[in-house]
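Q: Going down the list, the sequences are from chains A and B.
Residue numbers for the first sequence follow my numbering, so the first one is 1 and each next one is one higher.
Residue numbers for the second sequence follow my numbering, so the first one is 1 and each next one is one higher.
Check each hint, because a few of them may be wrong.
Mimicking DSS-like on lysine-lysine, the simulated pairs with C-alpha atoms at most 25 Å apart in a straight line are [said to hold, decoys possible]:
#1 Lys122(B) <-> Lys146(A)
#2 Lys161(A) <-> Lys143(B)
#3 Lys141(B) <-> Lys228(A)
#4 Lys20(B) <-> Lys82(B)
To give an idea of the interface, some chain B residues facing chain A are shown, with a C-beta separation under 8 Å as derived from the structure [to be verified]:
#5 Phe24
#6 Phe52
#7 Leu89
#8 Leu93
#9 Ser97
#10 Asn99
#11 Pro102
#12 Glu112
#13 Ala113
#14 Lys141
#15 Tyr145
#16 Cys147
#17 Leu165
#18 Asn166
These are computed hints drawn from the structure, not numbers from a lab.
Note that CB positions come from ideal geometry on N, CA and C, so glycine has one too.
In case you want the letters, here they are:
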Amino acid sequence: MNGESILKVTGILLEYLIPTLKIFGFTLLFSIPLGMVVACLKMCKIKPISWLTNIYILVMRGTPLMLQVIVVYYALPYIRMMEGLPDFLKNMLSGIDVASDDFMFGAVLTAFVLNYAAYFAEIFRGGIEAMPKGQYEAAAALGMTKPQTFFRIILPQVIKKIVPASSNEVITLVKDTSLANVVAYAEITLKAKQQMMNYSSLIPLFIAGVFYFAMAMILTFLFSFIEKKLNYYR
Amino acid sequence: MAILEVTNLSKSFGELGVLKDISFTVEQGEVVSIIGPSGSGKSTLLRCINQFEKADDGRISICGLDMLVKDKNGRTVYAPKKVLQEIRLKIGLVFQSFNLFPHMTVLQNIIEAPVHVLKQDKSQATEKAVELLAKMGLSDKAKEYPCNLSGGQQQRVSIARALALNPDVLFFDEPTSALDPELTGEILKVIKELAAEKMTMVIVTHEMQFAKEISDRVIFMDGGYIIENGTPDEVFENSENERTKQFLERYHS
Ligand SMILES: Nc1ncnc2c1ncn2[C@@H]1O[C@H](COP(=O)(O)OP(=O)(O)OP(=O)(O)O)[C@@H](O)[C@H]1O
Ligand SMILES: [Mg+2]
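Input sequences plus hints: build the corresponding full structure.
A: Okay, here's the thing in structure tokens:
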């Protein structure tokens, strides 16, 4: 590959940074709140709810994300073929074009959000359960309500506790977005593979690698900055 | 007027009876120390009064408000939530392990409840907090975080935090037990000053000398019972009770 084609490939990959960032951003946007809900469900005093939530977490963390993406993506054609499906549902599902970009993105995002919510849930739960009982009691002794105690006393301390573990997840997520290429969703890795074959050269893959590395570095610095900011107390 | 009235209180954890038929009163302005061997139920008693444990039976009333009563069917029931909250604000509790909020400065710790629970405005709460800090000898620490303070300083902040709500009675559960010996003096001094101001206080402590000096009355607990309830002289010097004598002897040796 000459300098000109390297520049051209870089341009193409830069363009497909956008779908990569879309998976990254929307996964964070939905999986963090969902993770909080899952954490609450797992800590729920009603045993069946807590058990079911735990099974969900175990499955999500115990099977590969790539497999989960494939399952979500290929589920639709099989569900469509199922006997005894109500007509309206059949009509609705048959209207979906599985080769469309939107459907691919939807499938990838669904799998990512479900998977990452399980990881975030465990981090949140760990953080909340690590809070000493004395903090709740001190707040109660001062007459604070349960919501006040949670939002003013517990949550700020939990956030500080979970930043290191969360930053690991976020950095992993940036690299995991490349898994979307298994369902042919056009993002950096898929495009790099195509350009590799196009030019019969490994250089496009290296360029893709540089992009991921740069994003991981930016996040690393961002989180170490946040950790420093939160270090005003021990 | 009795600030605190506990009548026939009992409490068990499963099979284990921890409080058995506890009755005592604390009058306005009185300082009462509770002493007794480890496991005798001192903390559990304070925790029942402060609504951290549910008592099984008996009655508790605080500042004329019934907290735990018998209903007309003879069942032991707690007061409605609103009354419980009202009672909570009339009493302060100082923990053995301080339990300051580590993410807040000393000042923020003290004004947290006045501002967010009593809905005082911030400047008014701050004014009072500054006053309390001066009283605790911590004027220069207002902007510090608890982690930068010694244990003794943290405990003084936690006393200030409890006082910021203007409680009618203050409870202490071993306020000096988590401190290095050379730091206990500063806490005991603060408590003495409060006693001189006629603050009503109930203090669980292992500091016998201190209990003797400061208390109007001393309660000795053992095995979940109140064994003795009298003046320091009666309990420390002239007790007829074998268990009391044994317990005090162990402390002297
Ligand atoms: N939450 C609990 N569950 C079960 N048992 C408990 C609980 N809290 C206290 N106990 C038991 O109740 C008994 C009294 O405990 P308590 O803490 O009131 O004693 P104490 O007089 O404060 O002792 P110490 O001087 O060591 O602080 C002990 O046997 C203790 O093991
Ligand atoms: Mg105790």
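Q: Each hint: holds or not?
A: Against the structure, the hints:
| no. | hint | verdict |
| --- | --- | --- |
| 1 | Lys122(B) <-> Lys146(A) | holds, 22 Å |
| 2 | Lys161(A) <-> Lys143(B) | holds, 23 Å |
| 3 | Lys141(B) <-> Lys228(A) | holds, 23 Å |
| 4 | Lys20(B) <-> Lys82(B) | violated, 28 Å |
| 5 | Phe24 | violated, 21 Å |
| 6 | Phe52 | holds, 6 Å |
| 7 | Leu89 | holds, 5 Å |
| 8 | Leu93 | holds, 4 Å |
| 9 | Ser97 | holds, 6 Å |
| 10 | Asn99 | holds, 4 Å |
| 11 | Pro102 | holds, 5 Å |
| 12 | Glu112 | holds, 7 Å |
| 13 | Ala113 | holds, 4 Å |
| 14 | Lys141 | violated, 14 Å |
| 15 | Tyr145 | holds, 4 Å |
| 16 | Cys147 | holds, 4 Å |
| 17 | Leu165 | holds, 7 Å |
| 18 | Asn166 | violated, 12 Å |
Consistency with the previously given hints fails for numbers 4, 5, 14, 18, ordered from lowest to highest.
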